[in-house]
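Visitor: Here's the letter readout for the chains.
2 protein chains.
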Amino acid sequence: LSSASCRLDSKDLLLTTDVLVEGVYFDFRTCTFHQVGFKALAANLSDIAAMGGVPRYFLVTLGFSGKLTVAQLDQLYEGMADLAHDYKLKLIGGDISAAPGGLFVCITVVGEIEKGRAVVRSGAKVGHLIFVTGTLGDSAAGLELAKIIDRSDHLHRSLAITSLLPLLQRHFYPIPRIHEGRQLSARRIASAMIDLSDGLASDLRHLCEESGVGAVVEAAALPLSPALVEYARQVRRDPLDYAFTGGEDFELLLTVPEGRVARLMQLVRQERIKVSQIGRVFPRASGIRLKGAGGRRLPFPRRGYEHFA
Amino acid sequence: LSSASCRLDSKDLLLTTDVLVEGVYFDFRTCTFHQVGFKALAANLSDIAAMGGVPRYFLVTLGFSGKLTVAQLDQLYEGMADLAHDYKLKLIGGDISAAPGGLFVCITVVGEIEKGRAVVRSGAKVGHLIFVTGTLGDSAAGLELAKIIDRSDHLHRSLAITSLLPLLQRHFYPIPRIHEGRQLSARRIASAMIDLSDGLASDLRHLCEESGVGAVVEAAALPLSPALVEYARQVRRDPLDYAFTGGEDFELLLTVPEGRVARLMQLVRQERIKVSQIGRVFPRASGIRLKGAGGRRLPFPRRGYEHFA
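Protein sequences, first through last, are from chains A and B.
One gets our numbering by counting positions in the first sequence from 1 and adding 347 to each.
One gets our numbering by counting positions in the second sequence from 1 and adding 347 to each.
Chain A with its partners taken away, still in its complex shape (with noise of 0.2 Å):
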């Protein structure tokens, strides 16, 4: 049991919360502490960018069996501390128990953000365009290849990794878009928000449900890797399954009102910033739909990742 006191001078609070566990979100057959350490505050970053915050503090509580060593909770820390570098977020806090059932990771994010400022879920009106950051699906068909490359099989000695490699760092070490998120609420482009975490057939979902409206996506507007072309090429799977419901993308899905549009494409040539329209916000009744080529109506995946599967 841990506590900290801390300071945030005429802000709102912005706080987040996230849990990974092994065997259900990571197996170390796959991966290594380090990973598992900076993805578990990656997480808790991402959600605090789709707000538009700035992160500030975070606590870290873990629960491990005795088998850990103390050199892989050392990488486990080093993880995090890696990325929490590069925002200059400072640890307060945690707590540790013993787990007989393996290594859990529960991260809290306190971050901050201007009075009144946080972008929420549920600003989406019908009409606004639908915009991602990014590409999309890298992350599922990183872990896939990765899980391929462990198996070593003779899928994995057919595969041409190099050209892949991108996807594995997409996995193992997503980048947060703090930067983008914070662009997007201060300049007030972004009329709702939500992070990439679950995949985006599940978290347009989320979108929608919270804002009360439906939408349409246009199947050939999602931006896809090369590196995530080339994987579906070689591995003879359409890449579209990855960049719907591969999970872990922790890029941005974003509503933005017609009339900003011309601000947003300012951002994106003055902060290089990559973003994508992928569709646009319609009534609830018409629900969430993906057009194919030629308007044709694609099924929408029910979900992305499901935990309790």
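Hints in this document: simulated from the structure, not taken from any laboratory.
Computed from a predicted model, the values in this text were never measured in an experiment.
For glycine and all other residues, C-beta sits at the position ideal for the given N, C-alpha and C.
One thing to keep in mind: the hints can contain errors.
Stretch by stretch, here's where chain B covers chain A in the computed footprint (C-beta under 8 Å, at least three residues) [claimed, not checked]:
id	stretch
1	359 to 366
2	404 to 412
3	433 to 444
4	452 to 459
Model the placement of chain B on the given structure of chain A, informed by the hints.
Guide: Coordinates of chain B only, in the frame set by chain A:
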């Protein structure tokens, strides 16, 4: 993954986090989901109490296996809600995950206090008097009693339970000393304070280490409840064993400069707070000592509750 924004104006922010893990902190053979929820929140509030603060918001992260029923989850949240209601605490977020290893409950509480007024663990100085609120050892005895009752063996049948019920109440529904902590900080009485979660032996050591001091505790001065004395008599144990090493009493341990004792006594009278002087702060070199009847030096238990024992 969940997040929230909230406002705390011109106050210092207090943050505390605590995790309870099934099979380590609790066991559903001897407790209910309602009790686990209640105690998980109480443990955090106790830490806010020790800083002298007011709890305002909380976040709850749960890991649980597929065996958990919705009714059990409801009971867990109701246990928290019952305590949260008393302090007008608002649940503002949290996270859930599958956890094949069993239930864990990780809570973060956000509190506030007037700027610069948070009571720390490091403020004890040589000559300050050591006090505790309430009575000690009840919770540990309550847990032992619950296990005896659960076993239904001959020891159970030989006990007169009625007079021992307060011990069960203290163990399963501990009351965090928020009111006491507020008064002790607002009236600038405590120079250092910590809550008794691991037991007096452990927590006094924490306070002394952080303050760079030693301490002498008088065994005869430890406040014991009638129920604990009665229980110890029935099971033929020394009640001081429970008072020293028993965890989860969630009383406050504090040091008070001699010049502020009159103020403390005034508080005791006005607010009907129970405090007992149990010792005095000495230089670090004298270590932490326990004095028995006639000034005889007793072995000081090395520590209280051990997670990884």
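Visitor: Look at each hint and say if it fits the structure.
Guide: Consistency of the hints with the structure:
no.	hint	result
1	359 to 366	holds (count 8)
2	404 to 412	holds (count 4)
3	433 to 444	holds (count 6)
4	452 to 459	holds (count 3)
Going through the hint list in order, the structure satisfies each hint without exception.
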